[in-house]
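Whole structure, please, built from the sequences with the hints as guidance.
When you read off a place in the sequence shown, starting at 1, and then add 1, the result is the number in my numbering.
Keep in mind the hints are simulated off the structure, nothing from the lab.
Please note that the accuracy of each hint is not assured.
What the hints assert, rightly or not - Distance ranges between label pairs, derived from CB positions:
| hint | residue 1 | residue 2 | range |
| --- | --- | --- | --- |
| 1 | Gly11 | Asn109 | 23 to 33 Å |
| 2 | Leu73 | Lys112 | 51 to 61 Å |
| 3 | Leu62 | Ala99 | 38 to 48 Å |
| 4 | Ile103 | Leu18 | 38 to 48 Å |
| 5 | Ile58 | Val83 | 21 to 31 Å |
None of the values given here were measured: they were computed from a predicted structure.
We treat Cβ as the ideally placed atom computed from N, Cα and C, and that holds for glycine.
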Amino acid sequence: MENLFAFVIGALYATALFMMLRRSIVKLVIGLMILSNAANLLILSAGGLVRGAPPLIAEHLEQVTGPIADPLPQALILTAIVISFGVLAFAVVLIHRAYEVIGADDMNEMKSTDL
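Structural data, given as structure tokens:
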């Protein structure tokens with residue numbers, strides 16, 4: 002399972018890098034979104050992949066008796082998802098407004114405009 006996660010994370014990082022190197026601002030934002038998802042998967046896999054072991058302790062027990070997943074990476078990922086959704090919404094609105102004003106999404110054309 003860890004090998005599959007490592008391959009998927011590497012593929013996502015490569016795809017994000019490819020998208021971020023394009024000239025289109027929309028592709029840049031999509032690349033940043035993919036990079037954020039890859040980072041979330043990396044944090045999740047660093048926390049330990051334990052199948053069938055939620056980060057909970059049963060009611061009748063006072064301490065952990067078996068393997069459980071670490072709840073901290075899951076909480077960090079949930080926070081990162083919420084923050085990245087807000088940043089993505091802001092970026093989409095900003096790109097839409099820039100496209101209305103300039104009429105292009107090419108970063109080279111945006112660099113030479115004087116507004």
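So, going through the hints one by one against the coordinates:
Evaluation of the 23 to 33 Å hint for glycine 11 and asparagine 109 yields a pass: the beta carbon distance comes to about 30 Å. A beta carbon spacing of about 42 Å between leucine 73 and lysine 112 contradicts the range 51 to 61 Å that was offered as a hint. Checked against the given bound of 38 to 48 Å, the beta carbons of leucine 62 and alanine 99, roughly 56 Å apart, lie outside it. Remark: the range hint 38 to 48 Å for isoleucine 103 to leucine 18 is contradicted by a beta-carbon distance near 26 Å.
Between isoleucine 58 and valine 83 the C-beta distance comes to about 26 Å, which sits within the given range of 21 to 31 Å.
Checked against the numbered hints given earlier, this structure breaks hints 2, 3 and 4; the rest are met.
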